[in-house]
Amino acid sequence: SRGVGVASNLLSDDLSEDFVKKIRAENEDARRRHTAKDSAGRALSLEAARANKADIDWSAWQPTPPAMPGVHVLDDYSLAELRDRIDWTPFFRAWELIGTYPAILEDDIVGETATALFSDAERMLDQIIDEKWLSARGVFGLFPANSDGAESIEIYADEDRTEVVSHFHTIRQQMKREGGAKKTRANFALADFVAPAESGVRDYIGAFAVTAGIGIDEHVARFEADNDDYNAILLKALADRLAEAFAERLHERVRNEFWGYAPDERLGNTDLIKEAYQGIRPAPGYPACPDHTEKEGLFSLLSATDKVGIELTESFAMLPTAAVSGFYIAHPDARFFGTGKIAKDQVEDYARRKGMDLATAERWLAPVLGYER
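Its first residue numbered 249, the sequence shown is counted upward by one per residue in this note's numbering.
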């Protein structure tokens with residue numbers, strides 16, 4: 249029987265490790281195939297998913313024109329200002345210390361370690377700011393825009409809205425929905441939250457790219473030359489937190505000043521961290537927008553590499569790594585969501601919209617494919 253062969257393989261020192269790896273690989277392949285088959289059976293067609301898009305009354309929406317349209321650069325942004333906006337909870341999580349700041353500092357299990365780490369972080373932040381180890385640079389743009397009524401957002405050169413300078417291609421959920429209020433049980437795409445051109449509503453969109461990692465390589469190299477891995481990692485972690493704080497602070501200023509659709513907003517840091525404000529800033533590579541290649545159009549639109557020195561690698565990672573980029577959508581119903589698994593009809597449509605061949609689109613969308621390639 250097969251059981252004899254299995255037992256023999258497990259008992260053999262020479263074969264057991266390879267055999268276990270083989271079985272694990274087979275199990276993972278079976279799991280993936282089952283998931284793909286199950287997802288395919290539960291997916292709506294793209295046409296049906298579009299019929300259940302977010303239900304927004306565009307006649308009731310009057311978008312605020314940006315106070316500062318076009319592209320703008322923020323050079324050498326105050327790190328002291330960004331320090332006050334740091335969300336510390338992900339910082340501790342990066343060190344595998346689980347808990348919410350500031351309560352984690354009093355935690356019975358990890359409190360002492362967290363407190364020591366926090367003290368080191370504060371001390372290094374003092375050096376970063378006082379000795380100008382890092383500088384923060386950002387670029388943002390605010391543009392006229394409308395959706396095509398499906399999954400793409402057209403970004404226009406100016407208020408004439410005749411020249412399309414870029415697109416933001418989004419993905420629509422295709423899972424079957426059962427029950428619930430339509431507002432929360434729709435098959436969402438981010439494009440749903442930008443007024444379709446056919447509505448006649450003159451809507452807008454924003455884009456941004458920020459970094460707090462300019463100058464980091466020199467100091468990381470210095471620590472590594474001294475075999476000081478702890479401080480090298482600490483510096484990278486703090487640069488990441490400053491970049492995220494920059495993204496949060498810039499979004500706040502966009503809402504209040506630069507776009508100005510929420511001029512009377514008054515939120516504390518806790519509410520900002522909870523994103524308790526109007527509008528969202530979706531980022532390519534995250535659950536609502538899983539395709540990293542959308543960064544290419546975003547960077548081109550902003551001239552981000554030329555203006556602030558953030559580069560994209562072949563895999564569309566950002567350098568310096570302490571960087572954040574994304575879009576601004578202002579509609580009050582705009583929300584984050586995960587796309588879930590998507591069907592081949594949408595991937596084919598997405599490839600057509602992007603001007604990609606199907607295999608390339610499938611490669612970039614691999615984590616959300618609901619079928620076997």
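Please keep in mind that the hints were generated in silico from the structure rather than gathered at the bench. Check the hints yourself; a few may be wrong.
As the list claims (entries may be wrong) - Here are the simulated BS3-like cross-link-like pairs (lysine-lysine), alpha carbons at most 25 Å apart as the crow flies: (1) Lys602 with Lys589; (2) Lys522 with Lys380; (3) Lys380 with Lys555; (4) Lys424 with Lys555; (5) Lys380 with Lys484; (6) Lys484 with Lys555.
Claimed, not checked - Label pairs and their calculated CB-CB ranges: (7) Gly463 with Asp335: 17 to 25 Å; (8) Arg470 with Tyr619: 20 to 28 Å; (9) Ala469 with Thr312: 12 to 20 Å; (10) Asp476 with Ile346: 19 to 27 Å; (11) Asp474 with Asp406: 47 to 55 Å; (12) Ser548 with Arg611: 15 to 23 Å; (13) Glu354 with Glu466: 34 to 42 Å; (14) Asp406 with Arg272: 16 to 24 Å; (15) Ile346 with Gly557: 33 to 41 Å.
The beta-carbon is built from N, C-alpha and C at its ideal position, and this holds for glycine as well.
Hints, verified against the model:
Among the hinted pairs, Lys602 with Lys589 is consistent with the structure: their alpha-carbon atoms are about 19 Å apart, no more than 25 Å. With a CA separation close to 30 Å, the supplied pair Lys522 and Lys380 exceeds the 25 Å bound. Between Lys380 and Lys555, the direct Cα distance comes to roughly 20 Å. Compliance with the 25 Å bound is thereby established for this hinted pair. This hinted pair does not check out: Lys424 and Lys555 have alpha carbons roughly 44 Å apart, beyond 25 Å.
Distance hint between Lys380 and Lys484 is fulfilled; the C-alpha atoms sit about 15 Å from each other, no more than 25 Å. For the suggested pair Lys484 and Lys555, the alpha carbons sit about 23 Å apart, so the restraint of at most 25 Å is met. Separated by about 22 Å at the C-beta atoms, Gly463 and Asp335 satisfy the suggested range of 17 to 25 Å. Between Arg470 and Tyr619 the Cβ separation comes to about 49 Å, which falls outside the hinted range of 20 to 28 Å.
Separated by about 46 Å at the C-beta atoms, Ala469 and Thr312 break the suggested range of 12 to 20 Å. About 26 Å separates the C-beta atoms of Asp476 and Ile346, a value consistent with the hinted range of 19 to 27 Å. Take Asp474 and Asp406: their Cβ atoms lie about 53 Å apart, and the range 47 to 55 Å holds. In this structure, Ser548 and Arg611 meet the distance hint of 15 to 23 Å, their C-beta atoms being roughly 21 Å apart.
Between Glu354 and Glu466 the beta carbons are some 37 Å apart, a value that agrees with the proposed interval 34 to 42 Å. Between Asp406 and Arg272, the C-beta spacing of about 56 Å breaks the proposed range 16 to 24 Å. Look at Ile346 against Gly557: about 35 Å separates their beta carbons, and that is inside 33 to 41 Å.
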